[in-house]
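Student: Each chain, written out:
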Amino acid sequence: LAKTTQPISMDSYEGQEVNITCSHNNIATNDYITWYQQFPSQGPRFIIQGYKTKVTNEVASLFIPADRKSSTLSLPRVSLSDTAVYYCLVGESGANNLFFGTGTRLTVIP
Amino acid sequence: NAGVTQTPKFQVLKTGQSMTLQCAQDMNHNSMYWYRQDPGMGLRLIYYSASEGTTDKGEVPNGYNVSRLNKREFSLRLESAAPSQTSVYFCASSFAGTDYGYTFGSGTRLTVV
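Chains as they are written, first to last, in the working numbering: chain F, 1209 to 1318; chain P, 423 to 535.
Keep in mind that the hints were calculated from the coordinates and are not lab data.
Take the hints with a grain of salt, since some may be wrong.
Using 30 Å as the maximum straight-line C-alpha spacing, the simulated DSS-like pairs for lysine-lysine come out as follows [claimed, not checked]:
no.	chain 1	residue 1	chain 2	residue 2
1	F	1211	F	1277
2	P	431	P	493
3	P	479	F	1277
4	F	1262	F	1211
5	F	1211	P	479
6	F	1211	F	1260
Chain P extracted, bound-state conformation (with noise of 0.2 Å):
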């Protein structure tokens, strides 16, 4: 089926760990997104891909990077986890400049205890 795919769907770090959540989409989408959702609050976007080797910072970028691997995947690492980052992690892809919107993976819940 069609869309964006993140694993994993759950995890749970120990503070100070490193890990790396994956996103792919198969849609030919030229431009991908990483946002957080802390429980009851919006979405905020962290980094964002315009292009293929292209990457911006959004609203909270810090304490992550972001990889665009090749156009299907953007990888977002997660250096030495903190307990403020315990939120639901969606990536998005979108085709720039269509009235399509964004497509949505189903998230990743990250525990940092």
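Just chain F, same shape as in the assembly (with noise of 0.2 Å):
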């Protein structure tokens, strides 16, 4: 399995953009890229997945260069409620046996 690297955590003003960074250098051909956002007390839950170029949603959007090495996962116009831990994960869609890591922390200042 590709392990990931990200940022243990991130400051950000409410309104801003932000975006979360994850290195995955050895991703392999039948990987994607999934984020889930978990908030304390509560379970991880999905936000988004891709393969590569560009994946939107209503929540957020995450960029994936063409060599697959990284992925960003950038949130427009961040509010308090953001504030989470934001997990990013490479396997192959439908793997049953994903990598968490820590994650990244996170936290949005008014």
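Fit the two chains together into the complex; they arrive one by one in their own frames, and the hints show the way.
Tutor: What follows is the structure in structure tokens.
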């Protein structure tokens, strides 16, 4: 399984765009990149998944360069409620042994 | 409401006691998982069940057993609890082969004293 590296923590002011980058140098051809969000005392929640280029949904955008060795989760105009831990995962779609790592703790400041 | 339901939400055990954590999903998912999360740490996979009737070890299976009772239910058993098993336990499910990700329960906070 491809391991991932992401910043331990980030701070941002309300209303700003936040970009969290994840490195996955050993990503395999069949691997997808998936991001989860976890609030305190809750289980993680699926945010977005992509394979290449750009994916956008109502919550976030995911940018993946051509070499796929990294990816960037973009959260537009964050609010205090976006304070959470964000996990970047790499693995085959529908894989049964995804590795979560320690994630990036995002703190949104008023 | 559709989702993953875990019981109990909180539990305190004495060292050496046994207990079973229950998990049920009503989304007709075929795969189910048990993770543990220690303070300040990411989630680590204990066991998973790719389909009804199958179970496989994850990253940290020692000290645990699982049962995939039917398609809906996947239980985790601690036969002889140890303080090192103090953690928050999350159950999750997914429809393998899709890109809809995992759906997690709200967790069971277990303390072993």
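Student: Are the Cα atoms of residue 1211 (chain F) and residue 1260 (chain F) separated by 30 Å or less?
Tutor: holds, 18 Å
Student: If you draw a straight line from the CA of residue 1262 (chain F) to the CA of residue 1211 (chain F), is it 30 Å or shorter?
Tutor: Holds, at roughly 21 Å.
Student: Keeping to a limit of 30 Å between CA atoms, is the pair of residue 1211 (chain F) and residue 479 (chain P) held or broken?
Tutor: holds, 19 Å
Student: Could you grab the alpha-carbon distance between residue 431 (chain P) and residue 493 (chain P) and see if it respects the 30 Å cut-off?
Tutor: holds, 22 Å
Student: If you draw a straight line from the CA of residue 479 (chain P) to the CA of residue 1277 (chain F), is it 30 Å or shorter?
Tutor: With a Cα-Cα distance of about 28 Å, the restraint between residue 479 (chain P) and residue 1277 (chain F) holds, given a limit of 30 Å.
Student: With the threshold set at 30 Å, check whether the alpha-carbon distance from residue 1211 (chain F) to residue 1277 (chain F) stays at or below it.
Tutor: Answer holds: residue 1211 (chain F) to residue 1277 (chain F) is near 11 Å, not above 30 Å.
The structure is consistent with each of the numbered hints, conforming to all of them.
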